[in-house]
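Q: In our numbering, the protein residues as written are 11 to 359.
Hints should not be assumed to be uniformly reliable.
Unchecked claim - Across the chosen pairs, the derived CB separations fall in these ranges:
id: 1; residue 1: T295; residue 2: R238; range: 21 to 31 Å
id: 2; residue 1: D57; residue 2: P325; range: 52 to 62 Å
id: 3; residue 1: A192; residue 2: E94; range: 33 to 43 Å
id: 4; residue 1: G120; residue 2: A327; range: 38 to 48 Å
id: 5; residue 1: E67; residue 2: D166; range: 33 to 43 Å
id: 6; residue 1: R258; residue 2: I322; range: 44 to 54 Å
id: 7; residue 1: I322; residue 2: D166; range: 39 to 49 Å
Rather than coming from a laboratory, the hints here were simulated on the basis of the structure. C-beta atoms are modelled at their ideal positions from N, C-alpha and C, and glycine is treated no differently.
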Amino acid sequence: MKKHLLTLVLALTICLQLAVPAAAAYRSYRDVQEGHWSSSSVERAIDLGLFQGVTEEEFGWGQPMSRAAFAAALVRLFGWEEVEPESSLFSDVTPERWFYTAVETACANGALAAGHPEFRPTDSITRGEMAAMLVRALGYTSLAGYVSEYACPFSDVSTNKGFITVAYDMGLMSGVGQERFAPDDDATREQAAAVLVRVYDCLSSRPVQLSSAGAYRQIAVETPEADRDDALPTTPLEPLTALYEALREMKETAADMSRAALCLRTGGQRTLVSGGEILASDRLTAGEVERLLEREDVNTYFSERYQSAYAIYQPNAYQTAVVWYQSDESLAAKLQLARLFGVTRYTLD
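Using the sequences and the accompanying hints, generate a full structural model.
A: Right, here's the structure in full:
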């Protein structure tokens, strides 16, 4: 059970910091085209330890990225603790192969779609697959499902629509011109390097808490009202879906995202229900939430869809209370989303 909801600096530093391997000294590869739009990203990817050349003299410029190699790069980028299960989830990923640990680790951290008997590790990863794997790795599988209902900015996208839209909205991937994304084209090694470096730069920027938004353009999301038709009163603070919409709308106006501030709430929203009827709804302070969570009769949960914590308890034999509250985990998720849109300032009310 989480306590001290406002003591967040250390928690956020640990939660949000990327664990990248010790930087490798960049070597000049003879096949890297000087002045190309991605050459600096290739250099940085090597320096950050995300990539190696295919030989000591060649980076593998223009060569397709394999699915296994991209999974391995994600493991390095996010610093995930490696896992080595006794048996693989995939029939074509076996312990003696070099990518076994990387693929299993990526799968354990939600980066790979479940339910497929084969991973196809040596196949080239397509641009659409790269977008999907990346967005899954960031923890936005549920969000991508929600965004799949949006109008896609590309006319040639029919599968992985939500994942591609999310990657595009965040500025992690772009189209190839004329409203095309080319989702079935192979992703090259330099393209993968550019994408991963963009993620690194977004997530390594440190969030800055402000005492007030001041001259910054405020991004605020209202708490949904409790609906009697919901099986569970759904009143998350700044639900991730609504926050995504607000960030997306601001970015579409060509606003300077560095001059925006995310306005977040502390505490929680409590709703009392009885027999399917909503009796009352009130706001709790951070201190009240903290004391509530110390009770033994309170059960806590976390919604992946809304990236928000909530608790359920019975104040008496006739009523049930549902409290959506700002936990360290939910706050970290919202600040991560904001940074992926270029917003690093925030307030806590």
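Q: Evaluate each hint against the coordinates.
A: Hints, one by one, checked against the model:
1. T295 to R238: 21 to 31 Å: holds (26 Å)
2. D57 to P325: 52 to 62 Å: Cβ of D57 to Cβ of P325: about 56 Å, so the range 52 to 62 Å holds.
3. A192 to E94: 33 to 43 Å: With Cβ atoms ~36 Å apart, the hint holds.
4. G120 to A327: 38 to 48 Å: holds (40 Å)
5. E67 to D166: 33 to 43 Å: holds (37 Å)
6. R258 to I322: 44 to 54 Å: violated (32 Å)
7. I322 to D166: 39 to 49 Å: Holds, since I322 and D166 (Cβ atoms, about 45 Å apart) stay within the stated range.
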